[in-house]
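Engineer: Taken in order, these protein sequences are the chains called A and B.
Per my numbering, the first sequence starts with residue 53, numbered consecutively.
Per my numbering, the second sequence starts with residue 53, numbered consecutively.
Wrong hints could be hidden among the right ones.
What the hints assert, rightly or not - Over the 10 Å line for every Cβ pair with chain A, so calculated as not near, a few chain B residues:
no.: 1; residue: Glu55
no.: 2; residue: Asp84
no.: 3; residue: Ala89
no.: 4; residue: Gly158
no.: 5; residue: Cys192
no.: 6; residue: Leu224
To be verified - Cross-link-like lysine to aspartate or glutamate pairs, in silico, DMTMM-like; alpha carbons within 25 Å at most:
no.: 7; chain 1: B; residue 1: Lys56; chain 2: B; residue 2: Asp225
no.: 8; chain 1: B; residue 1: Lys153; chain 2: A; residue 2: Glu239
no.: 9; chain 1: B; residue 1: Lys56; chain 2: A; residue 2: Glu226
no.: 10; chain 1: B; residue 1: Lys153; chain 2: B; residue 2: Asp216
no.: 11; chain 1: A; residue 1: Lys153; chain 2: B; residue 2: Glu204
no.: 12; chain 1: A; residue 1: Lys56; chain 2: A; residue 2: Glu226
no.: 13; chain 1: A; residue 1: Lys153; chain 2: B; residue 2: Asp84
no.: 14; chain 1: B; residue 1: Lys56; chain 2: B; residue 2: Asp79
no.: 15; chain 1: A; residue 1: Lys153; chain 2: B; residue 2: Glu129
no.: 16; chain 1: B; residue 1: Lys153; chain 2: A; residue 2: Glu129
no.: 17; chain 1: B; residue 1: Lys153; chain 2: B; residue 2: Glu226
no.: 18; chain 1: B; residue 1: Lys153; chain 2: A; residue 2: Asp191
no.: 19; chain 1: B; residue 1: Lys153; chain 2: A; residue 2: Glu204
no.: 20; chain 1: A; residue 1: Lys56; chain 2: B; residue 2: Asp191
no.: 21; chain 1: B; residue 1: Lys56; chain 2: B; residue 2: Glu226
no.: 22; chain 1: A; residue 1: Lys153; chain 2: A; residue 2: Asp189
no.: 23; chain 1: A; residue 1: Lys153; chain 2: B; residue 2: Asp189
no.: 24; chain 1: B; residue 1: Lys56; chain 2: B; residue 2: Asp189
no.: 25; chain 1: A; residue 1: Lys56; chain 2: A; residue 2: Glu201
no.: 26; chain 1: A; residue 1: Lys56; chain 2: A; residue 2: Asp116
no.: 27; chain 1: A; residue 1: Lys56; chain 2: A; residue 2: Asp189
no.: 28; chain 1: A; residue 1: Lys153; chain 2: B; residue 2: Asp191
no.: 29; chain 1: B; residue 1: Lys153; chain 2: A; residue 2: Asp189
no.: 30; chain 1: B; residue 1: Lys56; chain 2: B; residue 2: Asp216
no.: 31; chain 1: A; residue 1: Lys153; chain 2: A; residue 2: Glu204
no.: 32; chain 1: B; residue 1: Lys56; chain 2: B; residue 2: Glu179
What the hints contain is simulated information worked out from the structure, not anything from laboratory work.
Think of the CB as a built atom: it goes at the ideal place given N, C-alpha and C, for glycine as much as any other residue.
There are 2 protein chains.
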Amino acid sequence: MTEKPAETSTTIHPLLARRWSPRAFADRAIDDGDLLAMLEAARWAPSSRNEQPWRFIVARRHADPQLFARIRDCLAEGNRVWAADAAVLLVAVSSTRFAYKDRPNGHAGHDVGQAMALLTVEAMARELWVHQMGGFDRDCVRVAFGVPEGFEPITAAAIGHMGDPAALPSPLDEREAAPRSRRPLSESVFGGMWGEAAPLLTEQGPPRR
Amino acid sequence: MTEKPAETSTTIHPLLARRWSPRAFADRAIDDGDLLAMLEAARWAPSSRNEQPWRFIVARRHADPQLFARIRDCLAEGNRVWAADAAVLLVAVSSTRFAYKDRPNGHAGHDVGQAMALLTVEAMARELWVHQMGGFDRDCVRVAFGVPEGFEPITAAAIGHMGDPAALPSPLDEREAAPRSRRPLSESVFGGMWGEAAPLLTEQGPPRR
Chain A
53 MTEKPAETST TIHPLLARRW SPRAFADRAI DDGDLLAMLE AARWAPSSRN
103 EQPWRFIVAR RHADPQLFAR IRDCLAEGNR VWAADAAVLL VAVSSTRFAY
153 KDRPNGHAGH DVGQAMALLT VEAMARELWV HQMGGFDRDC VRVAFGVPEG
203 FEPITAAAIG HMGDPAALPS PLDEREAAPR SRRPLSESVF GGMWGEAAPL
253 LTEQGPPRR
Chain B
53 MTEKPAETST TIHPLLARRW SPRAFADRAI DDGDLLAMLE AARWAPSSRN
103 EQPWRFIVAR RHADPQLFAR IRDCLAEGNR VWAADAAVLL VAVSSTRFAY
153 KDRPNGHAGH DVGQAMALLT VEAMARELWV HQMGGFDRDC VRVAFGVPEG
203 FEPITAAAIG HMGDPAALPS PLDEREAAPR SRRPLSESVF GGMWGEAAPL
253 LTEQGPPRR
């Protein structure tokens, strides 16, 4: 198990601090109940007008081998090399229009992202790991699963138990150990005007907890 | 405190089951450390190419009254009536292009959504509540904070301690008690072809945990 907790400036919930996106997955199925719970967590995500713009295509490697192969074959080569070993492959698809008045839903991608994040938190609570991938062929998914107009494949994900990084081909084995990094909060959290760190951040003294 | 836990088909983590989006906020500041931790949770969200396309404009009602008023004045009237009482207002802004090769980032909205969801989970861990709003004037935010080209205000949020629903104007007081609802998983989780419930869902027997 490769642990690389976020180097946070203040303590955050362990389910969030511990999360990262491994490439090394164990050759081990995940419990159907765990997978259902992850999807249930996504189901209860918040969304604009409660539109729930998310749809998921889900395949278990051992139980749904043909389905699994259909998703796998749409992944970019660089992802297929490791994601094909995961217990589950998933594609998240967004509905691009509101059911309400059939208007474009500018929040659809955002809300699918919320569902994916909550799915990931539920996974972490069950010692399961999620690695999302932008690298897949959207048209391939459209054809393979008959995704209709008005829906857009947005992200793929590999899900499973963590595996041994040494089993990954080079240079992925080394990358697996690379530290995680993020911009400091002062470059993302603004107050007075754009680009000015929020007063919350610039006030002196350490956080009160 | 109005509790309305999600009526889940299987047990999910209490931080996720308990979450909902209240309109009744207490007249009580939130601890700066709690707010920092929420932003830190957002900071460590996953994103495509680790682009971290999120930016946040954040104002505390008591400590940053002028900033707070600038956000408040950009909210739709229907939101302002209750959100003006929250301890914190926030606007999440997405960077629409990858720094990498300056290409359009089709995952930006999705990844901002992930950051907002993790911020919300951290809030729940601290007994704080988040209510996101699509109803605000994006151009108003652009002007008020000098949001540059290449960035798009995507969602606003009210954050605080939960308040007394009876203090809300009618009909919001009644709406606050309305049950939460979501489509069943079988209408969102597909397998064989689009619209067909995934085998995981149709196999007989209750979830194994």
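Engineer: State for each hint whether it applies.
Structural biologist: How the hints compare with the structure:
Listed as a non-interface residue, B/Glu55 keeps its Cβ farther than 10 Å from every Cβ of chain A; the least gap is roughly 14 Å. Not every beta carbon of chain A lies more than 10 Å from that of B/Asp84, the smallest distance being close to 6 Å; the non-interface claim is violated. At roughly 5 Å, the least C-beta separation between B/Ala89 and chain A is not larger than 10 Å, which violates its mark as non-interface. Against chain A, the non-interface label of B/Gly158 is violated: not every CB pair exceeds 10 Å, the least being about 8 Å.
Listed as a non-interface residue, B/Cys192 keeps its Cβ farther than 10 Å from every Cβ of chain A; the least gap is roughly 14 Å. No beta-carbon of chain A comes within 10 Å of the beta-carbon of B/Leu224; the shortest separation is about 16 Å. Between B/Lys56 and B/Asp225, the direct Cα distance comes to roughly 15 Å. Compliance with the 25 Å bound is thereby established for this hinted pair. The hinted pair formed by B/Lys153 and A/Glu239 meets the criterion: a straight-line CA distance of about 21 Å does not exceed 25 Å.
With a C-alpha separation of about 46 Å, the suggested pair B/Lys56 and A/Glu226 falls outside the 25 Å cut-off, and the hint is violated. Under the criterion of a C-alpha separation no larger than 25 Å, the hint pairing B/Lys153 with B/Asp216 is inconsistent with the structure, at around 50 Å. A distance of roughly 24 Å separates the Cα atoms of A/Lys153 and B/Glu204; the hinted pair therefore holds under the 25 Å criterion. Using a Cα cut-off of 25 Å, the hinted pair A/Lys56 and A/Glu226 holds, with the two alpha carbons roughly 14 Å apart.
Distance restraint check for A/Lys153 and B/Asp84: the Cα-Cα separation of roughly 41 Å exceeds the 25 Å cut-off, and the hinted pair is therefore not satisfied. With a C-alpha separation of about 22 Å, the suggested pair B/Lys56 and B/Asp79 falls inside the 25 Å cut-off, and the hint holds. About 21 Å separates the Cα atoms of A/Lys153 and B/Glu129, which keeps this hinted pair within 25 Å; it holds. Only pairs whose Cα atoms come within 25 Å are accepted, and B/Lys153 paired with A/Glu129 is accepted, the gap being roughly 21 Å.
For the hint pairing B/Lys153 with B/Glu226, the CA-to-CA distance comes to about 51 Å; that exceeds 25 Å, so the pair is violated. For a cut-off of 25 Å, the pair hint linking B/Lys153 to A/Asp191 stands: about 23 Å separates their Cα positions. A C-alpha spacing of about 24 Å is found between B/Lys153 and A/Glu204, which places the hinted pair at or below 25 Å, so the restraint holds. For the given pair, A/Lys56 sits about 40 Å from B/Asp191 by alpha-carbon distance, which is inconsistent with the 25 Å threshold.
Distance hint between B/Lys56 and B/Glu226 is fulfilled; the C-alpha atoms sit about 14 Å from each other, no more than 25 Å. Proximity of A/Lys153 to A/Asp189 is assessed by CA-CA distance (about 31 Å); at most 25 Å being required, the pair is judged violated. For the suggested pair A/Lys153 and B/Asp189, the alpha carbons sit about 20 Å apart, so the restraint of at most 25 Å is met. With a C-alpha separation of about 30 Å, the suggested pair B/Lys56 and B/Asp189 falls outside the 25 Å cut-off, and the hint is violated.
In summary, the hint linking A/Lys56 to A/Glu201 is not supported, as the alpha carbons are separated by about 41 Å, beyond the 25 Å threshold. Restraint check for A/Lys56 and A/Asp116: the C-alpha separation of about 32 Å exceeds 25 Å, so the hint is violated. Taken as a hint, the A/Lys56 and A/Asp189 pair is broken in the structure, with Cα atoms around 30 Å apart against an allowance of 25 Å. Among the hinted pairs, A/Lys153 with B/Asp191 is consistent with the structure: their alpha-carbon atoms are about 23 Å apart, no more than 25 Å.
Between the alpha carbons of B/Lys153 and A/Asp189 the distance comes to roughly 20 Å, so the proposed pair stays at or under 25 Å and holds. Annotation: proposed proximity of B/Lys56 to B/Asp216 holds, straight-line Cα distance about 14 Å (limit 25 Å). Distance restraint check for A/Lys153 and A/Glu204: the Cα-Cα separation of roughly 19 Å lies within the 25 Å cut-off, and the hinted pair is therefore satisfied. Simply put, B/Lys56 and B/Glu179 have alpha-carbon atoms about 14 Å apart, close enough for the 25 Å limit, and the pair holds.
Violation of the numbered hints given earlier is confined to hints 2, 3, 4, 9, 10, 13, 17, 20, 22, 24, 25, 26 and 27; the remaining hints are satisfied by the structure.
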